[in-house]
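Enquirer: Could you put the whole structure together from the sequences, leaning on the hints where they help?
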Amino acid sequence: MDSLKLFAQRVEAIYKTISPHLYKTPLLYCPTLSSLCKDSSVFIKLESEQVTGSFKARGALSKLSIIASSETLKSRGAVTASSGNHALACAYASKIYGVDMQMYLPEGVSKSKVSQLKLAGANLVIHGADCMFAETKAREVSEIEGKIYVSPYNDTEVMIGQATVGLEILTEMPDVSAVFVSVGGGGLIGGLATYLKAKRRDIKIIGCQPIQSKVMYESVKAGKLIFEESGETLSDGTKGGVEEGAVTFEPCRDYVDDWIVVSEEEISSSVFFMLNEHCKTVEGSAGVAIAAYQQQADRYKGHKIAIVSCGCRISPSTLGKIIAQHSA
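In the UniProt record's numbering, the protein residues as written are 1 to 328.
Hints in this document: simulated from the structure, not taken from any laboratory. Note that the structure is a prediction, hence the values are computed from the model and not measured. Virtual Cβ for every residue (Gly too), placed ideally from N, Cα, C. Do not rely on the hints blindly, as some may be mistaken.
As the list claims (entries may be wrong) - Only pairs whose alpha carbons sit at most 27 Å apart, straight line, appear in this in silico BS3-like list of lysine-lysine:
hint, residue 1, residue 2
1, K321, K111
2, K74, K147
3, K147, K24
4, K118, K221
5, K224, K5
6, K224, K24
7, K38, K16
8, K24, K5
9, K137, K95
10, K221, K199
11, K304, K199
12, K204, K5
13, K304, K38
14, K280, K224
15, K74, K118
16, K137, K16
17, K38, K74
18, K24, K280
19, K321, K301
20, K118, K321
21, K304, K5
22, K95, K74
23, K199, K301
Said to hold, decoys possible - Simulated DEER-style distance windows between Cβ atoms:
hint, residue 1, residue 2, range
24, G231, S115, 24 to 34 Å
25, K38, T136, 42 to 52 Å
26, A129, E265, 15 to 25 Å
27, I126, G231, 19 to 29 Å
Expert: Right, dumping it as structure tokens:
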């Protein structure tokens, strides 16, 4: 059996385990986005309405279910690092599976995410300028204390959980022909692309990144993982570097068909668009994929398109500024 088919089987198996703890998020038809290109239909996969507010619950449930299945692993406890959504997901999954967890977050994480984590009872430590620095510290703690490190993206079992987004899209849209996905460390797109390519090689996978933090795009272009400083971006959930040796690089290199980079203004406009058009609150990371389609819609004539709205955690102050900017 080839590796793609084996990966798909693992995704389908883990979905049976974790689906009772997930929402089956809707695919929302968008007339306005569909009208941007002749004979195209655009649907938005609302992972922004997933339990804990993002797709990250899928990967966390996948990993924590495996840890909890072994008393030896479970007794060690776990540690993770995140810009917020992965930590929320891990707080949720660790309660379900009874795994003790410590969570490292980078500086500058939105206040709404920190608030939600505290309410969830998460054991938080703030460390470093972005996700890469927080991850490095969490790994050090893992090595010293023997805790199991749960990466937000650099973990095959996490990536398999995230791939269940693709499983649901394909189940509900068997004729889908293009999928737009925001990219940070690559866990979501890596899993989703691998699963969808295992099922149908003709589906186009489009990776979307903010111009202020486009490490994976530049790495794929260079043919190897590179280090690049990230600037300030509304897409704080995708901000930061990619760990050396990340398991997500090869799927991004091999199975992502195209890359689109978007500006901060485009991200802001897309967040406002979702609120104004559909009364949906989405975070900047979700706005990246929507903005990417808006930027390049004319290239997708005749396609049936799914755009993954990956999360909803945006601070009231940031959302207020976006509303003020686009309502003027």
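Enquirer: Going straight from one Cα to the other, do K147 and K24 come out at no more than 27 Å?
Expert: violated (32 Å)
Enquirer: Please verify whether K304 and K38 have alpha carbons no more than 27 Å apart.
Expert: At roughly 11 Å apart (the allowed maximum being 27 Å), K38 and K304 satisfy the hint.
Enquirer: Do A129 and E265 keep their Cβ atoms within the hinted range of 15 to 25 Å?
Expert: holds (24 Å)
Enquirer: Just to be careful, I want the Cα atoms of K224 and K24 compared with a cutoff of 27 Å; is the pair within it?
Expert: This hinted pair is violated, its Cα atoms lying about 35 Å apart.
Enquirer: With the threshold set at 27 Å, check whether the alpha-carbon distance from K304 to K5 stays at or below it.
Expert: Holds. K304 to K5 sits at ~24 Å (cutoff 27 Å).
Enquirer: Would you mind confirming whether the straight-line C-alpha gap from K118 to K221 stays at or under 27 Å?
Expert: Distance of about 39 Å is beyond 27 Å: violated.
Enquirer: Verify the CB-CB distance for K38 and T136 against the hinted window 42 to 52 Å.
Expert: Holds, at about 48 Å.
Enquirer: Between K38 and K74, is the straight-line Cα distance small enough, at 27 Å or below?
Expert: violated (53 Å)
Enquirer: So if I understand the rule, the pair passes when the alpha-carbon distance is 27 Å or less; does K224 with K5 pass?
Expert: holds (25 Å)
Enquirer: Given a hint of 19 to 29 Å, does the C-beta separation of I126 and G231 actually sit inside it?
Expert: holds (20 Å)
Enquirer: Just tell me: holds or violated, for the beta carbon distance of G231 and S115 against 24 to 34 Å?
Expert: holds (25 Å)
Enquirer: Need the status of pair K24, K5: alpha-carbon distance at most 27 Å?
Expert: holds (24 Å)
Consistency with the previously given hints fails for numbers 3, 4, 6, 7, 14, 16, 17 and 19, ordered from lowest to highest.
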